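J.: Note that the protein sequences, when read in sequence, are chains W and U.
Residue numbering for the first sequence is 1 to 116, as defined by our numbering.
Residue numbering for the second sequence is 1001 to 1113, as defined by our numbering.
Think of the hints as simulated: they come from the structure by calculation, not from any bench.
All of these numbers come straight from a predicted model, not from anything done at the bench.
A virtual CB, placed ideally from N, CA and C, is assigned to each residue, including glycine.
Be a bit skeptical, because a hint or two may be false.
Interface residues of chain U toward chain W, partial, derived using beta-carbon atoms under 8 Å [what the hints assert, rightly or not]:
1. P1008
2. Y1010
3. S1039
4. K1041
5. F1042
6. L1043
7. F1064
8. L1083
9. S1086
10. F1104
11. G1107
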Amino acid sequence: AQSVSQHNHHVILSEAASLELGCNYSYGGTVNLFWYVQYPGQHLQLLLKYFSGDPLVKGIKGFEAEFIKSKFSFNLRKPSVQWSDTAEYFCAVNARAGGGADGLTFGKGTHLIIQP
Amino acid sequence: DTAVSQTPKYLVTQMGNDKSIKCEQNLGHDTMYWYKQDSKKFLKIMFSYNNKELIINETVPNRFSPKSPDKAHLNLHINSLELGDSAVYFCASWVGDHQETQYFGPGTRLLVL
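Please work from the sequences and hints to get the whole structure.
T.: Following this line, the structure appears as structure tokens:
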């Protein structure tokens, strides 16, 4: 079974700072990778996804993530954060062999607070 | 039109009661899921249904029972509610294509008193 580890549970940044949230997964086979965002009181929104191809993927709201297969990592980045980026961020994987029928395995989330 | 919808949005009930949460998707997807998000925001899959067949059932108490009357609906019935069942429950659906992601519903906030 796969597992996901997000290193930072709470991150506090000032506006315009650069952001990098770490995500590592544990699984021996091929995976699909995702980052979701959950704004306060809201549902999950997909930020970006990686299935195959270019390991650097760009998502919505200026976010990007890089898949490094050798490190089993899929870190999320944004060059300049805004106050509106305050939210909970979740990294998720699903094993390609099982297909989506296995559902997503989520990390424990990173609570990001952006100070004006 | 909302792709994945859930009702109710909020549910407050007493311990010991039985309640249901409904989920509907209008995407024509083959697979639907229930996830639970606990008070620490941790999301974990509970069930997956494909063409009315239960595919996985993570270590969820048998007080929880998913019911799928048809491909577009996956309801979650909970018997004898406990305080620890308080959480946000998310429904999701998936088309069945490896190149596609899951679509999540807005969530149902359940509070057991």
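J.: Each of the hints needs a verdict: does it hold here or not?
T.: Here is how each hint holds up against the structure:
1. P1008: violated (14 Å)
2. Y1010: Because about 11 Å separates Y1010(U) from the closest Cβ in chain W, which is outside the 8 Å limit, the hint is violated.
3. S1039: Because about 12 Å separates S1039(U) from the closest Cβ in chain W, which is outside the 8 Å limit, the hint is violated.
4. K1041: Since the shortest Cβ distance to chain W is 5 Å, the answer is holds.
5. F1042: holds (5 Å)
6. L1043: Constraint on L1043(U) satisfied, holds at 4 Å.
7. F1064: violated (15 Å)
8. L1083: Nearest chain W Cβ about 22 Å off; hint violated.
9. S1086: violated (16 Å)
10. F1104: holds (4 Å)
11. G1107: holds (5 Å)
Hints 1, 2, 3, 7, 8 and 9, counting from the list given before, are not met by this structure.
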